[in-house]
Amino acid sequence: METITWNDFEKVELRAGTILEALEYPEARKPAYKVRVDFGEFGIKWSSAQITKHYTINELVGRQIAGVINFPKKQIGKFMSEFLVTGFTDENGDIVLTAIERPVPNGSKLI
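For the sequence shown, full-length UniProt numbering assigns the number 1 to the initial residue and increments by one for each residue that follows.
Source of the hints: derived by calculation from the structure; they are not laboratory data. Some hints here could point you the wrong way.
[What the hints assert, rightly or not] Straight-line Cα separation of at most 16 Å, EDC-like style, residue types lysine to aspartate or glutamate; simulated pairs:
no.: 1; residue 1: K78; residue 2: E2
no.: 2; residue 1: K30; residue 2: D94
no.: 3; residue 1: K45; residue 2: E13
no.: 4; residue 1: K34; residue 2: D8
no.: 5; residue 1: K34; residue 2: E13
no.: 6; residue 1: K30; residue 2: E41
no.: 7; residue 1: K53; residue 2: D90
no.: 8; residue 1: K78; residue 2: E10
no.: 9; residue 1: K109; residue 2: E21
no.: 10; residue 1: K73; residue 2: E13
no.: 11; residue 1: K34; residue 2: E82
no.: 12; residue 1: K109; residue 2: D38
no.: 13; residue 1: K109; residue 2: E27
no.: 14; residue 1: K53; residue 2: E13
no.: 15; residue 1: K109; residue 2: E13
no.: 16; residue 1: K45; residue 2: E27
no.: 17; residue 1: K45; residue 2: E91
no.: 18; residue 1: K53; residue 2: D94
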């Protein structure tokens, strides 16, 4: 594991956002959803997430998540991802979303 400085960590814009919409993404190589997330003052952004094993579309809408919003946009097939959805892998390698324990304003930074 590489050690980073506090200054390195502060560069990461890890922000809270609320999922407004989740859509099937049948063109993805691995099962995934497209999610549209409100990051408050940072705007509404789209990403794709391989979270189909643990979540349905209906249970995602309204959920707060943590996303990295200052990575460059990334082309994923025909879809442009604007942020990184964060999560952890379970014992099977499936993604469990990073949870925000209580509601916080959209755009709040992890500190």
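Hints, one by one, checked against the model:
no.: 1; hint: K78 with E2; verdict: 34 Å, violated
no.: 2; hint: K30 with D94; verdict: 11 Å, holds
no.: 3; hint: K45 with E13; verdict: 14 Å, holds
no.: 4; hint: K34 with D8; verdict: 29 Å, violated
no.: 5; hint: K34 with E13; verdict: 21 Å, violated
no.: 6; hint: K30 with E41; verdict: 32 Å, violated
no.: 7; hint: K53 with D90; verdict: 11 Å, holds
no.: 8; hint: K78 with E10; verdict: 32 Å, violated
no.: 9; hint: K109 with E21; verdict: 22 Å, violated
no.: 10; hint: K73 with E13; verdict: 14 Å, holds
no.: 11; hint: K34 with E82; verdict: 11 Å, holds
no.: 12; hint: K109 with D38; verdict: 14 Å, holds
no.: 13; hint: K109 with E27; verdict: 32 Å, violated
no.: 14; hint: K53 with E13; verdict: 27 Å, violated
no.: 15; hint: K109 with E13; verdict: 7 Å, holds
no.: 16; hint: K45 with E27; verdict: 20 Å, violated
no.: 17; hint: K45 with E91; verdict: 30 Å, violated
no.: 18; hint: K53 with D94; verdict: 7 Å, holds
The structure fails hints 1, 4, 5, 6, 8, 9, 13, 14, 16, 17 (numbered hints given earlier, in ascending order).
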